[in-house]
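So the sequence lines, in the order shown, correspond to chains A and B.
So for the first sequence, numbering that gives the first Met the number 0 puts the first residue at 0; every next one is plus one.
So for the second sequence, numbering that gives the first Met the number 0 puts the first residue at 0; every next one is plus one.
Hint data in this document are derived by calculation from the structure and do not stem from the laboratory.
Bear in mind the structure is a predicted one, so any value in this text is a computation, not a measurement.
Beta carbons: idealized from backbone N, C-alpha and C, even for Gly.
Don't take each hint at face value.
What the hints assert, rightly or not - Stretches of chain A that chain B covers, calculated by requiring three or more beta carbons in the stretch to come under 8 Å of a beta carbon on chain B:
hint	region
1	80 to 94
2	99 to 106
Claimed, not checked - So the derived list for chain B, only partly shown, Cβ under 10 Å to chain A, looks like this:
hint	residue
3	F12
4	G14
5	Y17
6	C81
7	R83
8	G84
9	N87
10	P90
11	S213
12	A217
13	T227
14	T232
15	G239
16	N341
To be verified - If you want the ones that stay clear, here's a sample from chain A, every Cβ over 12 Å from chain B, calculated:
hint	residue
17	E216
18	S294
19	N329
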Amino acid sequence: MSMSTPLGTPSVQYRSVEKNTAYILPAYKHRMGSHCSSLQMSNILLFNGIEISEELCFGIGAGLGFIYRKAFNPPLYFILGRSDELEEKICYHLGGVAVPYKTDNNDKALKGVLDLLNNGQPVLVNIDASYFPYMRKKFNLFENVRYGGHRVTIAGYEPGASKDTSYFYLSDYAWTDLQKVSFVEMELARASDAGQTPPDNLFYTFIFPEKTFSIEEAIRSGIRLNVQTMLKPWFPVFGIPGLEKFCCRILTWKHTMKEELLKQNLNMTYMMMEVVGTGGGNFRRIYARFLKQASEMLESETLLQAFNSYRRLGDCWKELAYLLKESAENPEKGIWANSGSTQKLLDEILFKEKLGIEQLKEFLNE
Amino acid sequence: MNKVGLYRDILHFYGHDYSLPVVFGISGLWGFTFHAGNIAGKKGHSGSSTDLFPDYHLPDGFVAGEYFLGLNNALRATNVWCQRGAKNNKPDFFELLKTYINEGRPVHIEVNRAQWIRKISLNQYVCPEWALGLNWIHRAISLANLESGDYHIICIGYNDENSTLFFLDYYSLDCIEISMDDLFDCSNFDNIYLSPANKWYVYYVPPELPDIRSTVSASLKFMVNSMTNPFRTVPKVEFGLKGLESLVAMVHGLSAKQDVAGIARITSHMLINSYSRNSLYDFNRTMFSDFLKESATILNKPDLENIAWQYAVLAKDWDRLIKSLKLNVLDQNESLNEAELNQINNIKDKEHEYVYALRDTIGTI
Numbered sequence: 000m001s002m003s004t005p006l007g008t009p010s011v012q013y014r015s016v017e018k019n020t021a022y023i024l025p026a027y028k029h030r031m032g033s034h035c036s037s038l039q040m041s042n043i044l045l046f047n048g049i050e051i052s053e054e055l056c057f058g059i060g061a062g063l064g065f066i067y068r069k070a071f072n073p074p075l076y077f078i079l080g081r082s083d084e085l086e087e088k089i090c091y092h093l094g095g096v097a098v099p100y101k102t103d104n105n106d107k108a109l110k111g112v113l114d115l116l117n118n119g120q121p122v123l124v125n126i127d128a129s130y131f132p133y134m135r136k137k138f139n140l141f142e143n144v145r146y147g148g149h150r151v152t153i154a155g156y157e158p159g160a161s162k163d164t165s166y167f168y169l170s171d172y173a174w175t176d177l178q179k180v181s182f183v184e185m186e187l188a189r190a191s192d193a194g195q196t197p198p199d200n201l202f203y204t205f206i207f208p209e210k211t212f213s214i215e216e217a218i219r220s221g222i223r224l225n226v227q228t229m230l231k232p233w234f235p236v237f238g239i240p241g242l243e244k245f246c247c248r249i250l251t252w253k254h255t256m257k258e259e260l261l262k263q264n265l266n267m268t269y270m271m272m273e274v275v276g277t278g279g280g281n282f283r284r285i286y287a288r289f290l291k292q293a294s295e296m297l298e299s300e301t302l303l304q305a306f307n308s309y310r311r312l313g314d315c316w317k318e319l320a321y322l323l324k325e326s327a328e329n330p331e332k333g334i335w336a337n338s339g340s341t342q343k344l345l346d347e348i349l350f351k352e353k354l355g356i357e358q359l360k361e362f363l364n365e
Numbered sequence: 000m001n002k003v004g005l006y007r008d009i010l011h012f013y014g015h016d017y018s019l020p021v022v023f024g025i026s027g028l029w030g031f032t033f034h035a036g037n038i039a040g041k042k043g044h045s046g047s048s049t050d051l052f053p054d055y056h057l058p059d060g061f062v063a064g065e066y067f068l069g070l071n072n073a074l075r076a077t078n079v080w081c082q083r084g085a086k087n088n089k090p091d092f093f094e095l096l097k098t099y100i101n102e103g104r105p106v107h108i109e110v111n112r113a114q115w116i117r118k119i120s121l122n123q124y125v126c127p128e129w130a131l132g133l134n135w136i137h138r139a140i141s142l143a144n145l146e147s148g149d150y151h152i153i154c155i156g157y158n159d160e161n162s163t164l165f166f167l168d169y170y171s172l173d174c175i176e177i178s179m180d181d182l183f184d185c186s187n188f189d190n191i192y193l194s195p196a197n198k199w200y201v202y203y204v205p206p207e208l209p210d211i212r213s214t215v216s217a218s219l220k221f222m223v224n225s226m227t228n229p230f231r232t233v234p235k236v237e238f239g240l241k242g243l244e245s246l247v248a249m250v251h252g253l254s255a256k257q258d259v260a261g262i263a264r265i266t267s268h269m270l271i272n273s274y275s276r277n278s279l280y281d282f283n284r285t286m287f288s289d290f291l292k293e294s295a296t297i298l299n300k301p302d303l304e305n306i307a308w309q310y311a312v313l314a315k316d317w318d319r320l321i322k323s324l325k326l327n328v329l330d331q332n333e334s335l336n337e338a339e340l341n342q343i344n345n346i347k348d349k350e351h352e353y354v355y356a357l358r359d360t361i362g363t364i
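With the hints as extra help, turn the sequences into a complete structure.
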């Protein structure tokens, strides 16, 4: 019986594209949006002949969420208003499959991407955005924190004489045109081990059936899963339990963190809530827009009420985010200028979040 | 199907008692896959031309009663979060295993099936009935020169002093101890079908899982849809009823040409991939039947019991056919006879009929 050889460097094959000539998937349509994962999924679904808006992708993927957890390096509280694995959930709810692949072998990671491109498929990859010059110019977040959970779609490539002179063409949510990065920059971004959520060379293969489930059905499935993930997460730093902790504890940060770290954490939290690809309002605005579209498609008054709830929640989170920004500049201001008023805002957020989930449950019981 | 047993054990570890058929069903693993490729007389793997995703390496003449989903659907259905990766450096691989074991979390590892079974002499751990079936599979693997991954084990402990690890294997009656080096040798493959490539998984299971009725209902719909509206892939692989139709057409064509090598290749795949826990060569139709029976109760849908019975009969049809092929084709180097060709036509028609009956039934859930 033959034995396969141990893992080595796989051979990389390029299409018969001339060197220094760009090969870009002709059927891939780059569009801009509010949130990287949802927007990329919307683009990839469109590529596969399925037209679903970014907002619907967010909702079908059960994107509403909350995380409040302490990391170690750096020792900052990580706060994010969305859940994980959107891509896989969207595909599952549509009857398709998103096959994730992670490896610590960078050559294999490169080969996987090129194989998909050569087969005419765009490739959704996970990256540490701080490695891309065009990202660093736009967001100053990366001076303080590294985040390996940014998603871009590779829509083409241009082989050169070396990795330095070979390029990928990326569809990135906040830019009007495809962005160009070298193979070297992409390798560093995909294999980065810094920060809270290392990308681990993650990329996806998407496979869809000839006929997917109806969007209406997928919306229901997404809402059902989201109620579950918010109310019964696998760990109490997520969902409503995580939110309760956050609302209870954030005002204690000033007493438990040194000033430099405190300012860093406050600034990062403000950015994650309001600036970097959340659609604003800690993802509640994009979820509200999802509910609006869903209420029209499903003709549901309950979903319309839920839309109003989440729209107001978006405003509350925005208000909190700007208070955090103020505190990041001066810890005597912002959320600590009037702790009583801040606590009222936090209580209101918690109450409205719970109310929103109850409204979604009511819709499911209709 | 040992990944189904593995996932059942993982859920059980975290306090959830799901039966094996229910775990099978909610994992969405009932289906059909056929890849003809360049089947005539060729041995081994076809390489990257049919790599739907890394490590897939689908061989020519491949036949299976399921898809490539792994446990992805199971995770979605149960709202379990999965930490995963691939560690190609041996010391890093072991440190990772130890880290998670120290946290109290079992670690799911993929291995080369034949290599694993050889290294641990699995026969000493399994019940005699399964040992016979496993031996036939290994013979078929040898004949077709086919190694594969898609074999799943759970690491539950380690001994640093002896440099050994402890594993559970679905087919084993006991815990298995293996050296760290041997374990790495079993996982360090990346050019066989569903290569293990040092892949690992750790699961984070919520204290409360989604409502079982909606989970079962969604899973049934997913599986029926993927049989009747098969996946479209590039490169092209055939799934669902279309895959089955292509298989039957191929078998007829090869028989007409007396292409014994091609028939033997397909038969090897059928033998290897149809073997189920009941020592039947039934492409898990018995397991699916059991799932339907439980679904009938869970969903309060008695009609599903009738369909379950039909799949139990269909499972026996597959078993009879594949055992006949084992004797005539693999042992006697013959092509399919008329009775066998009629059997496979009959099976195809039943698969077609039953899945649409199932679709009509679950449409009302």
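Going through the hints against the structure:
As drawn, the region 80 to 94 of chain A meets chain B at 6 residues by the rule of a beta-carbon pair under 8 Å; at three or more, the given contact holds. For the region 99 to 106 of chain A, the stated coverage by chain B holds: 6 residues have a C-beta nearer than 8 Å to a C-beta of that chain, and at least 3 were required. Interface restraint check for F12 of chain B: the shortest CB-CB distance to chain A comes to about 14 Å, outside 10 Å, so the restraint is violated. Because the smallest distance between the Cβ of G14 of chain B and any Cβ of chain A comes to about 12 Å, over 10 Å, the interface hint for this residue is violated.
A hinted interface residue such as Y17 of chain B counts as satisfied when its beta carbon comes closer than 10 Å to some beta carbon of chain A; here the least separation is about 16 Å, so the hint is violated. The interface hint given for C81 of chain B holds, since its Cβ lies 8 Å from the closest Cβ of chain A, which is under the 10 Å cut-off. Here the hint on R83 of chain B is kept, as its CB sits about 6 Å from the closest CB of chain A, short of 10 Å. Because the beta carbon of G84 of chain B sits about 5 Å from the nearest beta carbon in chain A, less than 10 Å, this interface hint is met.
Interface hint status for N87 of chain B: upheld, as the beta-carbon distance to the closest one in chain A is roughly 5 Å, under 10 Å. Because the closest C-beta pair between P90 of chain B and chain A is about 13 Å apart, greater than 10 Å, the hint is violated. Against a cut-off of 10 Å between C-beta atoms, the interface hint on S213 of chain B holds, since the closest Cβ of chain A lies about 6 Å away. A least Cβ separation of about 7 Å between A217 of chain B and chain A falls short of the 10 Å threshold, and the interface hint therefore holds.
Because the closest C-beta pair between T227 of chain B and chain A is about 8 Å apart, less than 10 Å, the hint holds. Hint on T232 of chain B holds. Least Cβ distance to chain A is approximately 6 Å, under the 10 Å limit. With a least beta-carbon distance of about 8 Å to chain A, the hint placing G239 of chain B at the interface is held under the 10 Å criterion. For N341 of chain B, the interface hint is violated, since its Cβ never comes within 10 Å of a Cβ in chain A; the closest pair sits about 30 Å apart.
Remark: the non-interface label on E216 of chain A conflicts with the geometry, its nearest Cβ contact in chain B lying 8 Å away (cut-off 12 Å). The claim that S294 of chain A lies off the interface holds: its Cβ sits roughly 21 Å from the closest Cβ of chain B, which is beyond the 12 Å cut-off. Against the 12 Å criterion, N329 of chain A stays outside the reach of chain B, whose nearest CB is about 38 Å from its own CB.
Hint compliance for this structure: hints 3, 4, 5, 10, 16 and 17 are not met, and every other hint is.
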